[in-house]
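Based on the provided sequences and hints, a complete structural model is requested.
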Amino acid sequence: MAKDKKKLKVSAIRQGTVIDHIPANNLFKVINILGLDHIDNQITFGTNLESGKLGSKSIVKISDKFFVDEEINRIALAAPQAKLNIIRDYQVVEKKEVTVPDQFSGIVKCVNPKCITNNDNVKPKFRVISKKEVSLKCHYCEKITDQEHMVFI
Amino acid sequence: MKDKSLISINDYSKDEMLRVLDLAAEFEQNPSRDILSGKVIATLFFEPSTRTRLSFESAVNRLGGKIIGFSDSASSSATKGESLKDTIKTVCNYSDLIVMRHPIEGSARYASEVASVPIINAGDGANQHPTQTLLDLYSIRKTQEKLEDLNLFIVGDLKYGRTVHSLLMAMAHFNATFYFISPKELRIPAEYKMHLDHLNLKYHEYTDFRDIAGEADIIYMTRVQKERFSDPIEYEKTKNAYVLRNAMLQETRSNLKVLHPLPRVNEISTDVDDSEKAYYFTQALNGVYTRQAIISLILGLNN
Ligand SMILES: [Zn+2]
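Protein chains in written order, with the numbering used here: chain A, 1 to 153; chain B, 154 to 456.
In case anyone wonders, no lab produced these hints; they're calculated from the structure. Treat the hints with care, as some may be off.
Unchecked claim - Pairs of lysine-lysine residues, derived as DSS-like cross-links and limited to a Cα-Cα distance of at most 25 Å, are as follows:
#, chain 1, residue 1, chain 2, residue 2
1, A, Lys-123, B, Lys-157
2, A, Lys-109, B, Lys-238
3, A, Lys-137, B, Lys-346
4, A, Lys-95, A, Lys-132
Claimed, not checked - Cβ pair distances, simulated, as ranges:
#, chain 1, residue 1, chain 2, residue 2, range
5, B, Glu-358, A, Val-92, 38 to 46 Å
6, A, Ile-39, B, Glu-301, 56 to 64 Å
7, A, Gln-147, B, Asn-353, 25 to 33 Å
8, A, Lys-65, B, Ser-236, 33 to 41 Å
9, A, Gln-147, B, Lys-312, 36 to 44 Å
10, A, Ile-39, B, Glu-358, 49 to 57 Å
11, A, Asn-41, B, Lys-355, 55 to 63 Å
12, B, Tyr-247, A, Asn-41, 34 to 42 Å
Glycine included, every Cβ here is placed at the ideal spot set by N, Cα and C.
Here it is as C-alpha cells:
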C-alpha cells in the first residue's frame, strides 16, 4: 500500500525512461549532464522524496526518450546508485543500473588550477582509475581528482 | 616511436626507454653526425629554461639540423594573446619537430593533439619532463652498468618534485628498491606508493639518511624549498638533514654515484664536487646524447 502511494507522487509516463534514486542534491547535475534542459521531450521531476537508501532522492521521467549506455553512464559520477526503468506502454520493460565509465570528457573539472583545462579553452578528459571511491586521472596534467574534490561543470 | 610525441615518461614502454639509452650510448661514442641536415626543429620556450634549451639546441646542432623558435614568451606572439593552439598550428608549417616548454600543466599533451608534427615535452609546469628522466636513466645505467635491482635513494622534496615522480615511474620497470628520504611535509604522495605496492616493489621512507647512506647505489638529490613548508620553523629544524656533505660519503659503496637534476642551490655541499662519487655535471652532459637519441628516433633517422 505505502509503496503504491509513493509512486503516485510523480505521474506515470506512457513510454520513455524513468531515472530513480538520484541523490536529491544532485538532481540538477544529472539534468545538466544529460542535457535535459535543451530537449523538447516532456519531462517530469520529483525531488526531496523520501528514500530509505539515500535519505532524500529525486526522480526524473522523460517521455519518448531512450538513452544509449554510453550516454546514461555519464550520470554515474553524480548519481552512482541511479536505477533506470525503461517504459513502454506504461509497463516497465527493462531495468538498468549505471556504471562509471572507464574514460570520459567533460562533466567535472580537473582539480589542478594549473591544468590547461582550467586555463585555456580545452575540454577536461579523464581516465577513471578507481570506480568504487571514484578517482579520476586527468588526461592532460595527469593529476588525480578524487570524489571529495569533484566539481561538476 | 617514429612520429610519436614524447609528452610523459609513461608514454614509453620499458623497451622503448632501452632503445633510447642504447642509441644515446652510440651518440656518446660519436656525437657529431649529419643526420638532421635539411630538417628544422622548433624550440618553443614559453617560459625560460636556458639549461634545457641549450641542451636541446646542442643536440640538434651536433646532428646538423636547423633551429627556429623563441626562448621566452615575451618574444613570442603568445604575449599578443595568441592561443597555444594557433601558435602550435603555425609553427607546424615551419618545422619537422617541436620541442616545447610551457608553465601550464597538460599544455604539451594538448599541443600534441592539435599538431601535425611530433612534440617533445621539455617541461609542462610541475607535471612532466620526460627527457630529464631518460637522461637520468642513462646516467644510472652508465655508472652502474645495469638498471636492474638497484638501491635508489631519492632525497628532498618528494611531494612536488616532478623529476622524482617520473624517475620513480621509470625505475619501477627495473625492480629498484626505493629509499624515500624527505621531511614529513614533503613525503612521496600516496598514489606513487600504491603504484609500487601494485608492482610488489620494495620501498622505505625515512626523514634522515645519514645512518643508511651505506646501502645506496644511487643518491638522487633534489632541492627542499622553504616556500613548501607551512611552518618556517619546521624548515629551519629539518633543512640540514637534506644536505649532502663529502664526509657522509666515507662509508658508502664504491659504486655509489650522486645525481642531481640541477640547478643545485645548497643541497649538495661544494666539497662533494671533487669526489669521484659526484656525477651531476656529467649527468647534464648525458642529456645531450639522450636528446640526440630521442630526436632521431622520433624522426626515424636512427639507421
Ligand atoms: Zn588536469
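Hints versus structure:
no.	hint	verdict
1	A:Lys-123 - B:Lys-157	23 Å, holds
2	A:Lys-109 - B:Lys-238	21 Å, holds
3	A:Lys-137 - B:Lys-346	16 Å, holds
4	A:Lys-95 - A:Lys-132	21 Å, holds
5	B:Glu-358 - A:Val-92: 38 to 46 Å	54 Å, violated
6	A:Ile-39 - B:Glu-301: 56 to 64 Å	58 Å, holds
7	A:Gln-147 - B:Asn-353: 25 to 33 Å	27 Å, holds
8	A:Lys-65 - B:Ser-236: 33 to 41 Å	37 Å, holds
9	A:Gln-147 - B:Lys-312: 36 to 44 Å	21 Å, violated
10	A:Ile-39 - B:Glu-358: 49 to 57 Å	53 Å, holds
11	A:Asn-41 - B:Lys-355: 55 to 63 Å	58 Å, holds
12	B:Tyr-247 - A:Asn-41: 34 to 42 Å	51 Å, violated
The structure does not agree with the numbered hints 5, 9 and 12 stated previously, though it agrees with the rest.
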